[in-house]
Amino acid sequence: MRRDADPYLAGAGIGLVLLAAYAFAGRGLGASGAFASAAATLTAAAIGTEQAAAMPAVADYLPSGLASPLSDWLVWEIVGVAVGAFVSAWRAGRLASVCERGPGIRPATRIGAALAGGAVMGVGAKLARGCTSGQGLSGGALLSVGSWIFIVAAFAAAYACAPLARRLWR
Amino acid sequence: MSPLVLALVLGLAFGALLEAAGLGRARKLVGQFYFTDLTVLKVLFSALVTAMIGAFWLDRLGVIDLRQVYIPETFVVPQALGGVLFGAGLVLAGLCPGTSCVAAATGRRDGLAVMAGLVLGIVVFNAAFVRIRGFHESTALGTVTLPEALHIGRGSAVALVTLMACGAFALAERLQTGSGQ
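Protein chains in written order, with this note's numbering: chain A, 1 to 170; chain B, 1001 to 1181.
Check before you lean on any hint, since a few could be wrong.
Quick list of the computed label-pair ranges, beta carbon to beta carbon [stated by the list, open to error]:
#1 A:M1 / B:A1170: 22 to 32 Å
#2 B:F1035 / A:V98: 35 to 45 Å
#3 A:M1 / B:S1156: 27 to 37 Å
#4 A:A156 / B:G1142: 18 to 28 Å
#5 B:A1170 / A:A54: 51 to 61 Å
Derived list of chain B stretches under chain A, where covered just means 3 residues or more per stretch with a C-beta under 8 Å from a C-beta of chain A [to be verified]:
#6 1018-1025
#7 1067-1081
#8 1103-1111
I should point out that these hints are in silico values taken from the structure, not numbers from a laboratory.
Quick caveat, the model's predicted, so the values are computed rather than measured.
From the three backbone atoms N, C-alpha and C, an ideal C-beta is built for every residue, glycine too.
With the sequences and hints as input, model every part of the structure.
So this is what it looks like as structure tokens:
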């Protein structure tokens, strides 16, 4: 198993990818928008397209919706992220069928925390109109005020909550 | 190149670099918040500074037109509260939306659970949206950047953020040597 890459080099590389996105796509990178597409698709499958289209927060992300060109873009980008990560891990011998967790934690507890944490993050990302990628990285590098509010609030909350979640990780 | 193929190609590079940095592993990622592994800070801010400086100079040299690039709009209070929820969820989940895909794609079951949780949270948000719409659209400032808000030049803001990031990197290196990592 190869060691992790130098974080500054990997970061600079991601910065160049982001710069290419600005230059050639006219927008930054993202992630939570792809999850919003998945949520809208699932909602339409569960309650029917017509009912789903009547929900204002869902309608935008359906194939006929306002945000659909953008959300299609993000879905393709996220498919790329998954394939790129797989190839990188495979070449470096880092593929592993595991459940990452702290030493004294049962897998079921970890999965429960992952589901709950994911759900809270999902609500947060919707409220903030983006996540670490869309707001933190892409909006931050364009110096958007709201993106920097998001970065500061997210880091502050994560540090404040970390002692409470210590048992999960240490 | 068609836009969707471009999205796929950019995603491939983004995912490979996140994986190479080790950010597909939740315990490494949350080390940031216990001061044992500051990879998140180093990757996030070196990426941000690289793209920020690159965008600034390419715009100034006339290679790209930053006015054509989409800048997220600002909604002060929803984004502050959204950030707080996001940060709290992050230490529970151990992965953010992008890195959860990296984790899942490299065999980590916890990554898949975070992805499922994200979809669940968004479904809940969507179901409650009509009631919280007023709040969601409150304190709107439109598209506003730090140099505009602080009444300084764009170049000064870029220099300021770069200096801050370098200070954070220097601090991170000292902290990590201190913890013997």
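For each hint, the structure was consulted:
no., hint, in the structure
1, A:M1 / B:A1170: 22 to 32 Å, "holds (30 Å)"
2, B:F1035 / A:V98: 35 to 45 Å, "violated (25 Å)"
3, A:M1 / B:S1156: 27 to 37 Å, "violated (45 Å)"
4, A:A156 / B:G1142: 18 to 28 Å, "holds (25 Å)"
5, B:A1170 / A:A54: 51 to 61 Å, "holds (54 Å)"
6, 1018-1025, "holds (count 7)"
7, 1067-1081, "holds (count 13)"
8, 1103-1111, "holds (count 9)"
In this structure, the earlier hints numbered 2, 3 are contradicted, and the remaining ones agree with it.
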